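Colleague: Here's the letter readout for the chains.
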Amino acid sequence: MSEFTAKASDLALRVGGELVGRDYLISGMSTLDKAGVGQLSFLSNSKYKKQLPDTKAEVVLVSAEFVEWVPNSAIVVANPYLAFAKISQLFDWRSPLVSGISPSAQIDPSAEIDPTAQIADGAIIGAQAKVSANAYIGPNVVIGDGVEVGESTRLEANVTLYNSVSIGERCIIHSGAVIGADGFGFAHDGQGWVKIAQAGGVSIGNDVEIGANTTIDRGALSDTVIADGVKLDNQIQIAHNVEIGEATAIAGCTAIAGSTRIGSHCTIAGMSGVTGHLDIADRTHITAMTLVSKSITESGVYSSGTGVEPHAQWKRNVVRFRQLDELSQRVKNLEKLVKKLAE
Amino acid sequence: MSEFTAKASDLALRVGGELVGRDYLISGMSTLDKAGVGQLSFLSNSKYKKQLPDTKAEVVLVSAEFVEWVPNSAIVVANPYLAFAKISQLFDWRSPLVSGISPSAQIDPSAEIDPTAQIADGAIIGAQAKVSANAYIGPNVVIGDGVEVGESTRLEANVTLYNSVSIGERCIIHSGAVIGADGFGFAHDGQGWVKIAQAGGVSIGNDVEIGANTTIDRGALSDTVIADGVKLDNQIQIAHNVEIGEATAIAGCTAIAGSTRIGSHCTIAGMSGVTGHLDIADRTHITAMTLVSKSITESGVYSSGTGVEPHAQWKRNVVRFRQLDELSQRVKNLEKLVKKLAE
Amino acid sequence: MSEFTAKASDLALRVGGELVGRDYLISGMSTLDKAGVGQLSFLSNSKYKKQLPDTKAEVVLVSAEFVEWVPNSAIVVANPYLAFAKISQLFDWRSPLVSGISPSAQIDPSAEIDPTAQIADGAIIGAQAKVSANAYIGPNVVIGDGVEVGESTRLEANVTLYNSVSIGERCIIHSGAVIGADGFGFAHDGQGWVKIAQAGGVSIGNDVEIGANTTIDRGALSDTVIADGVKLDNQIQIAHNVEIGEATAIAGCTAIAGSTRIGSHCTIAGMSGVTGHLDIADRTHITAMTLVSKSITESGVYSSGTGVEPHAQWKRNVVRFRQLDELSQRVKNLEKLVKKLAE
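In order, the protein sequences belong to chains Z, R and X.
To convert, note that position 276 of the first sequence is 276 in this note's numbering; the numbers rise steadily by one, no gaps.
To convert, note that position 250 of the second sequence is 250 in this note's numbering; the numbers rise steadily by one, no gaps.
To convert, note that position 63 of the third sequence is 63 in this note's numbering; the numbers rise steadily by one, no gaps.
Don't read these hints as lab results, they were simulated from the structure.
Mixed in with the good hints, there may be bad ones.
To be verified - Here are some chain R residues the structure puts well away from chain Z; computed CB gaps all over 10 Å: (1) Thr-116; (2) Asp-121; (3) Gly-270.
What the hints assert, rightly or not - In silico DSSO-like pairs for lysine-lysine, Cα to Cα no more than 30 Å straight-line: (4) X:Lys-47 <-> X:Lys-7; (5) X:Lys-332 <-> X:Lys-315; (6) Z:Lys-336 <-> X:Lys-336; (7) X:Lys-7 <-> R:Lys-315; (8) X:Lys-340 <-> Z:Lys-130; (9) R:Lys-7 <-> R:Lys-47; (10) X:Lys-195 <-> X:Lys-294; (11) R:Lys-195 <-> X:Lys-47; (12) R:Lys-315 <-> X:Lys-332; (13) Z:Lys-332 <-> Z:Lys-294; (14) X:Lys-130 <-> Z:Lys-34; (15) Z:Lys-195 <-> R:Lys-49; (16) R:Lys-315 <-> Z:Lys-195; (17) X:Lys-195 <-> R:Lys-336; (18) X:Lys-339 <-> X:Lys-315; (19) Z:Lys-47 <-> X:Lys-294; (20) Z:Lys-340 <-> X:Lys-339.
Remember, predicted model here, so these are calculated numbers, not experimental data.
A virtual CB, placed ideally from N, CA and C, is assigned to each residue, including glycine.
Chain Z extracted, bound-state conformation (with noise of 0.2 Å):
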């Protein structure tokens, strides 16, 4: 793990924040309950208010109106959780680049690698691949032909880029991650499936995020498009010729099927799945295994489903379920039959 240390002071600076109290040294970060000496927490929470008196942490991250409550020292900055990740980043796992390339990496001799990019062992790069500055191509990745991979991106191990893709700056993609796996199209010839070959690529912008064992299928004739600062989480399945609009988050084992059209700053919680060929707003919010089957034209909250309920329950109410449209005639009919009872 990371041993950086800072001074309050200066992490008071880097986030805007006014240091208050002693200027402690800090080399890591913990929960209120759980931090101790040398240690930073964070309120981001007014239901984690109760914790800050007896926080051992030597510095709280907290707004203003908390401060008064800290123990020991304090940064009081606006946003206590942005405050929070950006000093976050400080104390990242990640080593530092080791500029070079491994002597089991295979590159073809064609591609074309930054002096100052890591190529880890195992890793596999096509021809004419091109690797920038400062980026970091993780054990056994595998890149084809032609692919590029923006300064400062991070391919963690196991990553597979097939070839045609482009990826931006300072993105990271997770391990197992698949990028450019053929879209699943085919035609019907009346006895089976012809396959459509999958002539597009992957086109993905700068500060990227994949998750790991996400995939990201290339276009059926142009590309599928990410755009820059979206987030995609674990397993997320996205479909061939889908394009995901500017710093839209997509929670983990969501599926986007072919073709649709997500808008930007979209927030999509887990499990959820688009159908085909739809256009969805910006500023869309999608709630945890949705079902979307119709564009949606009007920015707002979504969601679909039964709720959780004992099962014993549920078995009643899913029968009922199944005799909606019949119990809502019933109900028509009794309203006719009162209506002319109390005539």
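For this one, chain Z is given, so just place chains R and X on it according to the hints.
Modeller: Quick look at chains R and X alone, frame taken from chain Z:
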């Protein structure tokens, strides 16, 4: 990308179509609105027919009824989408096979590798494995003992085949797929789980495509079986002893639980689940995010779920769902009361 | 496959059962209807008892009540399924360990590898990592810095362990699993997402099995924790700081969101989701494709969803679901009216 070119007249021949107009030289494909010089396009969905008069495509695959609207050349066929699929394969991004074994591959001396096959960098092939003519074993692929890979089958980078896996001819297995891991089988001893060794294997037919990061488990006592012509998208989970019938296509992130038999010529949309020990009839079609929890004996289209709606409205309806059985009883009571009143 | 053979009497001893009949030599297992010479079978589900009189199995594991129907030899035990599990392990497909390090593996000089461990081709092991006695590190596995792998634990091909991961004894981690990737943590700065470095690790107990392509993220500040005896199927997603209690079993494609605590001895069926920051009681059982969006404080069986039905019928019912709150109001009104009319 491909640098293949062909005369329009040869493409017409290939798909049994009639060339109407000049015999252009075609070097690529695109959509009607984006195609240009040297490109072929197609009209398969009448919703795009308004793009036809303005397309810059030099050749368009169309059915007879639309030929008069094609501005340049046309190839007239009965099924333009199918013709497009067949022609698309000429422009596939994959390089032609380079027969031979990379010096960085690790091949067990008892493995049998056809001299026409290509074994890429870092591939690892176990004892008694057999790789047939014109097969492609991609970078860092791992193949267990005794595995058989049929003629012209491709395993893309980072595929894992456990031992006792057999794959037919002309298959494509995409990166990150894992075939032959242990099925999820345990007996409970009152305190915890005792593993049931999974002694079966996986048997995969001809012309099967398997998507990125899809997993197919080995059988418990007999094999898990995927029939000829099956197409599986990315991140699908096929449990032990599942059988999938011919030419069935399954979209991304769907899971089939243990010992279930899916018929032939079915389509299952994405994120669906089929529970274990079921029998699904041939030509069954399942819509997205459906949970199939009982056998389906009659071919048809099946669905579950509630459909997406604005969250605030959904929240009110979900509360009512939990009261649905009670609501149904209340309607029944009303019907009795009203009947009495009406008498 | 295994070439192990054993006398029926020794197998009976192993499972504390009583051999009735001839002491056959057993070299494999199969189902009642498929077993033949040299094979053992079992009857654990009375629905298969009609197969018993005709089985060709030379030995059948049965409970006392069925012994008279066994045509050849029987081993009488209290729990035939459990006895089958125990005996199955003798016939496992895995070869015995071949201690030593493959010349194509890349081991950091500071890593500590027990001489009884097997490190397969292409495996990559980081600095200060520790591999214990009789552990198996499969082909192309990548192990990060400081990782600990316990005694007799197996990492199958292409597993990825980031640094700060610790795995107990007798675990099996299947191919494509990724353990220790960054949790999905970001703060919003008003324009986009700022990464929260994930400083925790992953701690995995003894006797844990983890399925193919399953992902378990590292914690944000403290560890993600998987307790002893947990069994995770394929393609499961475990988010940062989740805790899973002893002997809980989770089926394929389920996802657990961040900081949720799952109790011990739970079972969660496939494709289910549990949202973040929840507490799920010990011995809770969740049926397939259920979304758990609130804590469960009482052990029991829980479900959500609508159940599958023919699409045309479902479509009508879904429309009614969206009107459910309104329908409920209409029933309430009717009740008032009818009450008035009845007075």
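Colleague: Evaluate each hint against the coordinates.
Modeller: So, going through the hints one by one against the coordinates:
1. Thr-116: Holds, since 21 Å exceeds 10 Å.
2. Asp-121: 4 Å, violated
3. Gly-270: 5 Å, violated
4. X:Lys-47 <-> X:Lys-7: 28 Å, holds
5. X:Lys-332 <-> X:Lys-315: 25 Å, holds
6. Z:Lys-336 <-> X:Lys-336: The given pair, whose Cα atoms are some 15 Å apart, holds under the 30 Å limit.
7. X:Lys-7 <-> R:Lys-315: 62 Å, violated
8. X:Lys-340 <-> Z:Lys-130: 81 Å, violated
9. R:Lys-7 <-> R:Lys-47: The hint holds at about 28 Å.
10. X:Lys-195 <-> X:Lys-294: Holds - the C-alpha atoms of X:Lys-294 and X:Lys-195 are around 27 Å apart, at most 30 Å.
11. R:Lys-195 <-> X:Lys-47: 23 Å, holds
12. R:Lys-315 <-> X:Lys-332: Given pair R:Lys-315, X:Lys-332 holds - Cα atoms ~19 Å apart, limit 30 Å.
13. Z:Lys-332 <-> Z:Lys-294: 28 Å, holds
14. X:Lys-130 <-> Z:Lys-34: 28 Å, holds
15. Z:Lys-195 <-> R:Lys-49: Distance ~24 Å between Z:Lys-195 and R:Lys-49 Cα, so the pair holds.
16. R:Lys-315 <-> Z:Lys-195: 43 Å, violated
17. X:Lys-195 <-> R:Lys-336: Distance ~62 Å between X:Lys-195 and R:Lys-336 Cα, so the pair is violated.
18. X:Lys-339 <-> X:Lys-315: 34 Å, violated
19. Z:Lys-47 <-> X:Lys-294: Answer holds: Z:Lys-47 to X:Lys-294 is near 18 Å, not above 30 Å.
20. Z:Lys-340 <-> X:Lys-339: 15 Å, holds
Hints 2, 3, 7, 8, 16, 17 and 18 from the list above are not met by this structure, while the remaining hints are.
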